[in-house]
Amino acid sequence: MTTASGTFGYGDEFRDFIDLGQLGGVFVKAVTGKNRDGNAYPRMSETPSGMLNSVGLQNRGVDYFCREIYPKIKDFNTNVIVNVSGSTLEEYVEVAGRINELAKIPAIELNISCPNVKLGGMAFGTVPSMAADVTSAVRKVYKKVLMVKLSPNVTSIAEIAKAVVDGGADVITLINTLLGMAIDAEQRRPVLSTITGGLSGPAIKPVALRMVWQVHKAVPVPIIGLGGIMNATDAIEFFLAGATAIQVGTANFIDPQVSVKIVAGIEEYLVRHHLDSVNSLIGALRTD
Amino acid sequence: MDVRKLVQDLHVVKNIRLNDRHFLLELVAPETFPMLLPGQFVQALVKDSPSTFLRRPFSIHSVDYVNNTLRLLIQLKGAGTHHLSLLREGEPLNLIYPLGNSFSFPQTNDVLLIGGGCGVAPLLFLSQFLRQQHQIHPTMLLGFKTKEEVTEIEEYSRFGNVHVITDDGTEGEKGLVVDHSLIRDGINQFKKIYACGPEPMLRAIAKIAGIHHIDCEVSLENTMACGFGVCLCCVTATQTGNERVCVEGPVFNTRKLKWN
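Protein chains in written order, with the working numbering: chain P, 1 to 288; chain S, 1 to 260.
Keep in mind the hints are simulated off the structure, nothing from the lab.
Heads up, the beta-carbon is just placed ideally off N, CA and C, and yes, glycines get one too.
Incorrect hints may have been included.
Claimed, not checked - Covered stretches of chain P, going by a simulated chain S footprint (3 or more residues, C-beta under 8 Å):
| no. | stretch |
| --- | --- |
| 1 | 34-43 |
| 2 | 249-261 |
| 3 | 275-285 |
Use the sequences and the hints to build the structure in full.
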């Protein structure tokens, strides 16, 4: 059980609500090379069973992260995993190289849903060769566990998964948000300042499950599944589809204590099904 | 100062319908309140409303520390608020609170509170606080659409002098808040302004406060997903970058905002 980048701050903000020691890990907010102000408001639109966001990776950049944030979070009683984002290959490599030096960070999650500004804004994760290139470039400078977070806005998720595994990924996390849009019919304008944004929440779970299942069949590396998990049953579904671990994201906004409740719910499921651990559930979906 | 945030079921004591568009929820908490300050808000979980996914934010309207109750003033907007209006005595409502920053202590007695529409909500708590904690007797200017929507004036009057203006003139003066004679002719008697309401109203007040060099704080209302600082959706542009209305706000000094 871990929490998703962009939904949990840097972990500190949740200490009023839960004991971080009960989580397997926290994926912290994306870190980019330089300070980013993010997109203009409005950045959010509620949708049926979900929400659209276009936050735009607002963060203070890797220098600030290493100097100011890392000292405060490095001794948390859980794995702190840094989400690395960028607009160019060079930026990804720079950030990954800097995080590599932080002793208490055991892994990074490479966010390849970012637009490649050098190639007209096409997301790195939508073209297999670009996904492979950014992964292998980062692999050269990052010596610990390299997780790559896939974008679902592709025709073949298995193809992208294979490309990043070829590039050196140790783990795949999926899915990131689905590209969507909201319109204000009275104002006759888009709701988001950026017109389009990323859809998250229960609405995307069927897509996420399908993609976890497809990737599980395509590549041998462990998968961390996310996309609309709201409760323990959702989590179990992801294990059955092939996930070794899960991330809970948007659900944290509605119930800041949901992550620990899901842990308890999974334990209750294991007892009820006479299972020792979730390991027996991973990829155990019966399709005969 | 950091007060621990709670995720807690409170229970409905009263649900009072004020008019077509507004109602009051009085809620009792299971334990003594932490410190609550005017300007702060709650994030309410709406149950049984299929089209309502996220919590809904409401400013704290008033607090009764003796009975451990607080009140929310809610405007009916859509499915979420409609479902809240159906809550009956004894039913639970889950809140995350207290959230946000608060109005700051005025270094003067010449204080004006300005509220427009449901922006009046935090001002009752503010006026209660100024009166009870600081013995300040504020002047209040409250703007409503029409006579039918003018409510709780007796409540506000317990803590200060209330002046009313309605869009259509059916009660008090006629026009928008900034058209009121207090603002047109009498603004210079005040050394501190606190305002809450629609953004165009706040911008107009900020401009007037700037011209007359009156210190002014406004409470903003941006759409929120989490309400406690992690999603970064509710930001507003300030002189020091994009800041969260739910943490660095909802109260901002107008000098800090990028309004011109």
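| said: Of all the hints numbered above, which does this structure not satisfy? Sort the numbers upward. | reply: 3
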